[in-house]
Amino acid sequence: MNAISSHRLLAGLTCLAVFTCGPAHAQDLRNGGKLLLTNGVSTIEGSGGGGLATWSTIAGNATQEGIGASAHGTIIELPDYNWTSYGVSLGFFDRVELSYARQNLDTIDVGTALGLGRGYTLNQDVFGAKLRVAGDVVYGDALMPQIAVGVQHKRSSDDAVVAAVGGASPQGTDFYISATKLFLSHSVLANATVRFTKANQGGLLGFGSATQNNHKPQFEGSLAYQVSRRFVIGGEYRTKPDNLAIAREDDWLDLFAAYALTRNVTVTAAYVDLGSIATADNQRGGFLSLQAAF
Amino acid sequence: MISLVFALALSTLQETPIADEPAVAGEAVPEPQRDPVTGELPVDPYEMSNAHAGAAPFTGTGMRDAFHGEEGIRRVVDGMVDRAIVDPRISEVFVSHDLVRLRRALFEQFCHILNAGCDYTGRDMEASHRDLGLQVDDLNVLVENLQAAMASEKIGFAAQNRFLSKLAPMKRDVVTH
Chain A
1 MNAISSHRLL AGLTCLAVFT CGPAHAQDLR NGGKLLLTNG VSTIEGSGGG GLATWSTIAG
61 NATQEGIGAS AHGTIIELPD YNWTSYGVSL GFFDRVELSY ARQNLDTIDV GTALGLGRGY
121 TLNQDVFGAK LRVAGDVVYG DALMPQIAVG VQHKRSSDDA VVAAVGGASP QGTDFYISAT
181 KLFLSHSVLA NATVRFTKAN QGGLLGFGSA TQNNHKPQFE GSLAYQVSRR FVIGGEYRTK
241 PDNLAIARED DWLDLFAAYA LTRNVTVTAA YVDLGSIATA DNQRGGFLSL QAAF
Chain B
1 MISLVFALAL STLQETPIAD EPAVAGEAVP EPQRDPVTGE LPVDPYEMSN AHAGAAPFTG
61 TGMRDAFHGE EGIRRVVDGM VDRAIVDPRI SEVFVSHDLV RLRRALFEQF CHILNAGCDY
121 TGRDMEASHR DLGLQVDDLN VLVENLQAAM ASEKIGFAAQ NRFLSKLAPM KRDVVTH
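Respectively, the protein sequence lines represent chains A and B.
Quick note: the first sequence uses this note's numbering, first residue 1, plus one each step.
Quick note: the second sequence uses this note's numbering, first residue 1, plus one each step.
FYI, nobody ran anything at the bench for these hints, they're computed from the structure.
Do not rely on the hints blindly, as some may be mistaken.
[What the hints assert, rightly or not] Chain A is faced by these chain B residues, among others (derived, beta-carbon under 7 Å):
id, residue
1, VAL95
2, SER96
3, ARG130
4, ASP137
5, ASN140
6, LYS154
7, PHE157
8, ALA158
9, ASN161
10, SER165
11, ALA168
Being a predicted model, the structure only gives us computed values, none of them experimental.
C-beta atoms are modelled at their ideal positions from N, C-alpha and C, and glycine is treated no differently.
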């Protein structure tokens, strides 16, 4: 980060912190300048990315000249579960992203089988921070990706369930490094992320177990084709740890289509295969997410 | 991408005052006169080279054909400039620029990069944008104007992006703010 953008970042953060943005700062800011879809969409963990995989993109429509924001809501319909999540994120000068997401997994009949009661819902809060450290997803050297590092601190609200399934802790923190590039010559966006995590089912079933309680590297890959300025199709794959003795955990994958209805509103639909979740196998279904970004 | 356009435009437009004759005290400095043939305002001499176009041209005829040859490229350049000069987000950049020279230089640059048989005679991207103080937001607006012009010309999106891939690395010379 050069000195000028550091200064602007500090000014912007300070301005946010005290909610007294003076006119001088306001005049400096220039919001909403990103090219369509180049901010990605919101993941189920609230960070900017694809639907399931986190990318190095910074949320919101602002470039290095401004402060952006986005909000999203996502539903996933599976054979034995219903997922809802929603969240907000802020992007500062295309450099720093702060995010929050709330995840809710309705266990429907599985809740009965597990002795939790029908329709028991697992909840989790995810607090994220991401820093772009190098590169540009669109501009610059054609082979130099945008690279970011980030953390996601996750707090399950279901301590008793986490303990019952053998999770070592209801709270955990993931660390990741991500590289994303739009290869314009082929209209292809590629992303690769390595996440160090011990989360069970993303954290909804806690973190680690008595026998497996270390952060392990997991991979998240996305490949997308830009059909038009507004329309992107692609797929994602995400590996996951398998820490719990009582239930197998599978990798996730999805096939998605994202459409920018306007400069501010993007809808993403996907087929997702989340594998086995808490003894219920073959959780394949539909994913629908709506994002508003500014 | 936009930067190219801008660079071209700028280089073209950066009107260096032509009249070099020292003004005699009390005598008005003569207004620069447009060339009766080209319609362009005079500029200070500079070295010309296709390398100043800022990107290696495509090979083969595929991209030239995708842009409908010289005529299509001309329509794309005009469509982009027409949009840019009335786009409230960036129109200020073009005030007092020689749009005749800008359109010609951009045409030459696009035509050269698309391997459609032109030489580029404008300034390089760094020189043409040095004093513009452009932000990445300006560049993105110009890219949008270019995308709209290419869409109007019915150029396939994959070919549009292939062309933009030649312009994207120019950001480092175009965005100076």
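Against the structure, the hints:
1. VAL95: 19 Å, violated
2. SER96: 22 Å, violated
3. ARG130: 17 Å, violated
4. ASP137: Hint on B:ASP137: holds, closest Cβ of chain A at ~3 Å, below 7 Å.
5. ASN140: 5 Å, holds
6. LYS154: 13 Å, violated
7. PHE157: Given a least distance of 5 Å, the restraint on B:PHE157 holds.
8. ALA158: At 5 Å from the nearest chain A Cβ, B:ALA158 passes the 7 Å test, so the hint holds.
9. ASN161: 5 Å, holds
10. SER165: OK, holds: B:SER165 within 7 Å of chain A, min 4 Å.
11. ALA168: Check passed: Cβ of B:ALA168 comes within 5 Å of chain A, closer than 7 Å.
Checked against the numbered hints above, the structure violates hints 1, 2, 3, 6; every other hint is satisfied.
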